[in-house]
Amino acid sequence: MAQLAALIVTQDEDFRRRATQLLRAGGVPIGMVEGRTGETTVADLGVVDIRWDVASGLAAIERLRAGHPALAIFAVAAEANPDLILQSMRAGANEFFAWESPDSPSARTMVESFHGAIRRTAARKEAAHANTRQPCVTYVFFGAKGGAGTTTVAVNSAVELTRLTKKSVLIVDLKACGEVALFLGVRPRFTILDAVENLHRLDKDFLKELVAKHKSGLDILAGSEQFERPGAQDAPGVEEVLRVLTRLYDYIVVDAGNTVSACATSAFYGADSLFLVTNPDLPSVRNAQRFVERVRQLGAGAERIRVLLNRDSDQPIIAQRQIETALGYSIHHAFSSDYRTVSAALNAGVPLTLANHSEISEQFGAFTRSMVGITSEPEVAAAPKRAKFLGIY
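The numbering of the sequence shown is numbering that gives the first Met the number 0, which starts it at 0 and goes up by one.
The hints are simulated quantities; they were obtained by calculation from the structure and are not laboratory data.
Be a bit skeptical, because a hint or two may be false.
[To be verified] Straight line, CA to CA, 20 Å or less: simulated EDC-like cross-link-like pairs of lysine to aspartate or glutamate:
1) Lys144 with Asp337
2) Lys212 with Asp249
3) Lys144 with Glu292
4) Lys214 with Glu178
5) Lys212 with Glu224
6) Lys166 with Asp271
7) Lys212 with Asp193
8) Lys207 with Asp193
9) Lys203 with Asp249
10) Lys144 with Glu323
11) Lys212 with Glu178
12) Lys165 with Glu361
13) Lys165 with Asp249
14) Lys166 with Asp249
Required output: the full structure, derived from the provided sequences and hints.
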């Protein structure tokens, strides 16, 4: 499903908050636009509040339609008045909704209609871009607890994704004092904070200066060197940075750490797949349960969660079936426990997929192929043999 960029036109902050939740609970990855970047691209969807000031709301719809003919505009009014519906459509609105309080008996019907309109908007966007560049796919990795191996899985998946697809891939480190660059043996000059603090300059050329290059071809937007950042105050900027990046790359891999922070939540909303990395032990499984519940509360796409079991063994403390029952999700992929091999690769700053042909590196290859729908390892053409003459070369 194509990711959408949405804007909300209102003076009511409570309406903005609830409309944002409603947009993001529709099963489609959505990023919010606040108009602070220097890029000229516009939103795909606009929600205009016309509940209290109808004239001003209709004028806003007319301005949006005049400036952006392809924008899907949702008009939201206090009631479903036939004359107002007609005025909204004449002004340029595509959809009309009567705003309901969450406790209203008809609130569920309004929510279902709203989400249906979002899905139609995403389908139209996909159809319009069917013969052009495919939309960026974003994979977010989150750890059930510290030390679960989230960065190891994210880094090796990103390197393997670059190798397999031969397309543009970026890994983003959202953790304060993150270790993605360390795992890759790279010393970046800039971090994600440089992007967040320069939103007004955020375009293709500026971003090229911020990312570091790995020898595999993978681009890296490194994590902050500050313990307290990125923090809650940086979340809107992080969301905007990620939205801009989706227009520049074919694939984005995000290491979101192991804390459901405001910045991590920004990444969850834009994820095509949200990989939850857990271990077969009680603390990991308990925290994984908490994470699943929190994602559901946020409306951040619980249906996009994929459970990854790291450090699996023949005699686990908790069996896979028990983990699946506890979480309510099947285990998408399991990685075996190989501390010596993983530690050696980490200390060398060389990803497993490039360092050796161990069983664990093969598992990362199989996992990444499943991510992009490749059924088997691409065959390498054999070198042509030299012709023989009388049994000699």
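Hints versus structure:
Straight-line distance between C-alpha atoms of Lys144 and Asp337 comes to about 19 Å, which keeps the hinted pair within the 20 Å bound. For a cut-off of 20 Å, the pair hint linking Lys212 to Asp249 stands: about 16 Å separates their Cα positions. Distance check on the hinted pair: Lys144 and Glu292 sit about 15 Å apart at the alpha-carbon level, within 20 Å; holds. For a cut-off of 20 Å, the pair hint linking Lys214 to Glu178 stands: about 17 Å separates their Cα positions.
A C-alpha spacing of about 18 Å is found between Lys212 and Glu224, which places the hinted pair at or below 20 Å, so the restraint holds. Distance check on the hinted pair: Lys166 and Asp271 sit about 17 Å apart at the alpha-carbon level, within 20 Å; holds. Using a Cα cut-off of 20 Å, the hinted pair Lys212 and Asp193 holds, with the two alpha carbons roughly 17 Å apart. Pair hint Lys207 plus Asp193 holds up; C-alpha atoms about 12 Å apart against a cutoff of 20 Å.
With a CA separation close to 14 Å, the supplied pair Lys203 and Asp249 stays within the 20 Å bound. Restraint check: the Cα-Cα separation between Lys144 and Glu323 comes to about 17 Å, which is no more than 20 Å; the hinted pair holds. The suggested pairing of Lys212 with Glu178 holds, with an alpha-carbon distance near 15 Å, which does not exceed 20 Å. Restraint check: the Cα-Cα separation between Lys165 and Glu361 comes to about 18 Å, which is no more than 20 Å; the hinted pair holds.
Pair hint Lys165 plus Asp249 holds up; C-alpha atoms about 10 Å apart against a cutoff of 20 Å. Restraint check: the Cα-Cα separation between Lys166 and Asp249 comes to about 6 Å, which is no more than 20 Å; the hinted pair holds.
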